[in-house]
Amino acid sequence: MRYLPHSEAERAEMLGVIGVDSIEALFGAVPEDLVAKRPLELPPHSPEYLVEAHMRQLAGRNHAAGDGPFFLGAGAYRHHVPASVDHLIQRSEWLTAYTPYQPEISQGTLQMLFEFQTQVARITGMEVANASLYDGSTGTAEAVLMARRLTRRSKVLLSGGLHPHYRDVVRGYLRDDDDLVCLSASPSGQGDLLDRIDEDTAAIVVQTPDFYGHLRDLKRAAEAVHAVGGLLIAVVTEVVSLGVLEAPGALGADIVVCEGQSIGNALNFGGPYVGLMATRQKFIRQMPGRICGETVDAQGKRGYVLTLSTREQHIRREKATSNICTNSGLCALAFSIHLSLLGAAGFTRLARLNHARACALADALEQIDGVELLNKTFFNEMTIRLDRPASGVVDALAQRGILAGVPASRLVPDDDQVNNLLILAATELTSDADIEALCAALKETLA
Amino acid sequence: MSMNTRGRPTGAGTPSTLAANGAALLPDEPLLFEIGDTEHSGVDLPDAEISTARLGGFERTAPLDLAGLTEPEAMRHYVRLSRLNHSIDAGFYPLGSCTMKHNPRLNEKMARLPGFADLHPLQPKSTVQGALAVMEELSHWLLTLTNTSAVALTPKAGAHGELLGMMTIKAAQEARGEAHRKIVLVPESAHGTNPATAAFLGYSVKAIPAREDGTVDVAAVREALSPDVAAIMLTNPNTCGLFEPDVVAIAEAVHNAGAFFYCDGANFNAIMGVVRPGDLGIDAMHINLHKTFSTPHGGGGPGAGPVVLSEALAPFAPVPFVRRNADGSLDLVEHAEAQSLERITAFQGQMGMYVRALTYMLSHGGDGLAQAAKDAVLNANYIKARLADVVTVSFPDHHAMHEVLFDDRFFESTGVSTLDFAKALIDEGFHPMTMYFPLVVHGAMLVEPTESESKQTLDAFCDVMRDLANDARDGNTERFSGAPYTAPRRRLDETRAARQPILTWEPDDARAQAAE
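Sequence order for the protein chains is U and R.
Under the numbering used here, the first sequence has 309 at position 310, and the numbering climbs by one with no breaks.
Take any residue in the second sequence, count from 1 to its spot, add 1323: that is its number in the numbering used here.
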């Protein structure tokens, strides 16, 4: 077995030192009838080339996003990741290190996290950020709980433009909680939750660009909720948008949660991704997750450590701010490397290019009979209304090798107003030829 | 000047010259923001002309202060930073409870196949049949290894799995009209996540003391059980490195009281392929794919924590899950039906980790997984046997499972602490063991070697441990009190970091202004 270093002779020698006859004797505390008498019904060990063949066969049964025209978004976006990012994150010292609990021999990870926190704070326009959470959806649930702790109130309003999976995760975390108000889907981008705010409101959760692609007015939302002493949680599922849009922090957000997948991370069929969380300095002691801070060593040299751990489960146990133990370290590293390769100039160019590609897509879609564009505003994603259910159209186009977008009904079932809605995204990878192929196929299908 | 086992000078003699040893290849690396600027970029992108008409007046007005690097600058920055880290590939990493085993590179290669990595989570199901098959196959392996009824793959880490597992217990009891059960029993030796998870769901936590021998007494459990108890959260093998001998009786007592048995599966590596947790009577258990099934720890994540469920809890498994259609194709159920719980994450969870874990399982096979568990247990007991005469074994009467617990009695009154001892290991090229956990012994040192280590490595580690133990006893405290001497940094001031938190970089002049 290629991963197990001992020879039989070495095992025997080690058993001699221990003073037992067999490895089985070491399992003496296990009641005898519980030790599997015969091997489990699983295949035996296998050489690398056969395992690879099996996995390649499974991978080959999928239609990869890059195999043809592709327009899916809805919380996960296909962007170009520079080759150097994946090369760097596979270095042993990044890939096979543990959480930096021994800071003297983990300065690489710690300095990277400090840089990551600074980058996240700057793109979101906030004062501080943590070292990442699992993803945007769980980050949103954590933000809601954090806002409740900060305000000591419990009423939370989720905007109808919040990604339905995010809403479901918040609901799951706050099971059967009467103080959680989820507004129904708002595909038009109109109507919102501001008139539902009252003196008991702990926080409102507003996503921008929202699930349907509309850009939402965070400033107005912040003013409305601040007037009653509540907090604004801003959610961004497409973090590239922050390259052209005003930072949520500059508009009054109190907690910003982003899905960071777009920068540095592949689509991966949904995970692993990386949740970003940023907030104001005064709120840090209620922020969940790991935080890295600067300090000095015994000789006065600058260095970094995990800090404020008195918030965390391994110290506080049942009094912790969250049960979170890990962050999304390697995905945060990929994010940080990609963002440092972009820099302000590159990040802005990338965002402008995404918007330009989305404008080209919107212009082309608007020319098609039977297609109505719902968005007056968008960044790189938009919603169109078709003259028939969108899921059938998407399936028909998939047969032709075109992945046309996400039917809203996939995430918002049993709601007639969304059945005909199709959500499409464009990124820097969307070519004119892709758009032409999509539009030609749509025309034929809708004809 | 004294020398350590690697021929390096030790002691407080001339630490500044000692620190220079090897420093030629480990230069300090400035921060990204001190190297780059807002104009540099390592990505070539066209300058797109855009109109702001569709941005609704929400365009960024404040300048974005984000340092950029060209590709050669970025390579150097991140390669240099990486060299300041210890890693499994570079050296022994015996962190108890963390299972720092070898991460096979085939796993990485497979996870990067475009057919897995370049898949959108919301593609039509007909275009992702291979990905759904990975989820189905992984589930089959996990169910077979544990003899349980259902598995929820989506939790993103062990703690997330615990949360989900306890949510299913809560849902099951509410469905039975037993929402009044508000107490969760947690042994003192438990991971901190256990009480944190229980509290997160509104339970109150009742601690169960450990017996003298480090295990949980079924009598203590029986005494704590009442009609208000919802569940027990028990780690088995436990965090003292011991198999709980009463586990079956504990499960029976818990079930007889109408409560559920949540098993923390962090230590599954000790028994995979040898003991099936379902046979012990567990109702829910998370499995850390990043521990037991070798997906890389990545400097602190991403992890993955699928949860296996007993028949009683299976109906409450959350969406999404994979189901086979009548025509043989695979379906992904995305919306809660019957009693299934709401999703606990967007999309399908950690697909990248599913691919790696399945690749690992196929490589090992059922026989290789059992052998890996056995070798892990062999290695822990070998370390215990080689050190027992000089280092205090906390619970000497039992064989260890895959990790062995020592405590600080052997250097009592030498002035050396567990922390000092751990830091001295760094100077010898080893990552320290888990310190001060579990809490049931004083100055705990929990050593988990895993199956990946050769006898040669274990011997080198034991030689160093013996040498350190003898030095501590002989009063050579300098070797410990200032350690580490040869790491990229000496001991860091954690108190200062917490008292005056500096969490983001500011230029020096900005900080000076803020201080005025």
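Think of the hints as simulated: they come from the structure by calculation, not from any bench.
In this text, all values refer to a predicted model and were calculated from it rather than measured experimentally.
Be careful, since some hints might not be right.
[Unchecked claim] Only pairs whose alpha carbons sit at most 30 Å apart, straight line, appear in this in silico DSSO-like list of lysine-lysine:
id, chain 1, residue 1, chain 2, residue 2
1, R, K1505, R, K1529
2, U, K318, R, K1529
3, U, K318, R, K1505
4, U, K36, R, K1778
5, U, K318, U, K218
6, U, K218, U, K300
7, U, K375, U, K442
8, U, K375, U, K318
9, R, K1778, R, K1432
10, U, K442, R, K1448
11, U, K281, U, K300
12, R, K1432, R, K1448
Against the structure, the hints:
1. K1505/R x K1529/R: Holds, at roughly 10 Å.
2. K318/U x K1529/R: 13 Å, holds
3. K318/U x K1505/R: 16 Å, holds
4. K36/U x K1778/R: Distance ~28 Å between K36/U and K1778/R Cα, so the pair holds.
5. K318/U x K218/U: 34 Å, violated
6. K218/U x K300/U: 42 Å, violated
7. K375/U x K442/U: 23 Å, holds
8. K375/U x K318/U: 47 Å, violated
9. K1778/R x K1432/R: 29 Å, holds
10. K442/U x K1448/R: 24 Å, holds
11. K281/U x K300/U: 27 Å, holds
12. K1432/R x K1448/R: Distance ~24 Å between K1432/R and K1448/R Cα, so the pair holds.
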